[in-house]
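All chains should be built: construct the whole structure from the sequences, respecting the hints.
All you need for the working numbering is the position in the sequence shown, starting with 1, plus 146.
Mixed in with the good hints there might be a few duds.
As the list claims (entries may be wrong) - Pair ranges (Cβ atoms, derived):
(1) Y299 x G163: 28 to 36 Å
(2) D293 x P223: 49 to 57 Å
(3) P223 x R183: 33 to 41 Å
(4) L327 x L193: 41 to 49 Å
(5) D319 x P150: 47 to 55 Å
(6) G306 x H213: 44 to 52 Å
Bear in mind the hints are in silico, worked out from the structure with no lab data behind them. For every residue, glycine included, the Cβ atom is placed at its ideal position computed from N, Cα and C.
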Amino acid sequence: MPEPVGARQAQARRTRGEVLAAAADAFVCQGVQAPVRDIAERAGVGLGTVYRHFPTRADLVTAVYRHQIDTCAALAPRLLEESPSPFTALTRWADAFADFLVTKHGLGAALGSGDAGLENLHALMLDTLVPACATLLDACAAAGETDPGLTAYTLMRAIGNLCITGPDYDQADAKRMVATLLTGCRRTA
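Right under this line is the structure:
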């Protein structure tokens with residue numbers, strides 16, 4: 147007896163999610179050029195399954211980062227609700243944003259590769275994350291915790307520059323520098 151359509155669709159969504167999670171892990175360890183074979187192994191699926199969901203590497207990279215960008219953006223309003231102050235929410239969000247940036251090995255090279263499938267990824271990140279950061283900064287300014295002239299784009303560029311790691315500068319160093327930057331943004335009474 148054939149499987150009901152709804153069950154097949156649910157299984158396809160689960161498989162897609164497993165492939166995205168495996169690709170995200172592989173990208174952290176190996177960069178965006180991680181072999182598709184490794185991603186399939188991590189997901190426990192065959193190569194054909196990966197290619198059925200993501201016909202090109204650009205499709206896979208875009209889907210992984212779109213998911214992570216959306217997750218980071220959704221974090222902002224949740225942190226505003228849960229945190230004792232807007233500045234605490236901003237600090238926690240900046241920490242998550244720094245984690246997102248530091249773990250994107252090879253994404254800069256992929257964005258500059260000329261692959262038409264990846265061209266909009268940077269714009270997607272800005273279009274989604276700048277408003278999320280702006281919400282936090284607006285709340286901070288309204289609470290008198292930061293200068294109202296601080297813009298989300300400027301803060302995010304500064305965080306981005308601090309998150310460029312190298313042989314003598316790792317993720318922990320980047321996070322310490324981002325914390326220092328935020329301390330400098332805080333308005334003292």
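Checked hints:
no.: 1; hint: Y299 x G163: 28 to 36 Å; verdict: holds (31 Å)
no.: 2; hint: D293 x P223: 49 to 57 Å; verdict: violated (22 Å)
no.: 3; hint: P223 x R183: 33 to 41 Å; verdict: holds (39 Å)
no.: 4; hint: L327 x L193: 41 to 49 Å; verdict: holds (43 Å)
no.: 5; hint: D319 x P150: 47 to 55 Å; verdict: holds (52 Å)
no.: 6; hint: G306 x H213: 44 to 52 Å; verdict: violated (20 Å)
The structure does not agree with the numbered hints 2 and 6 stated previously, though it agrees with the rest.
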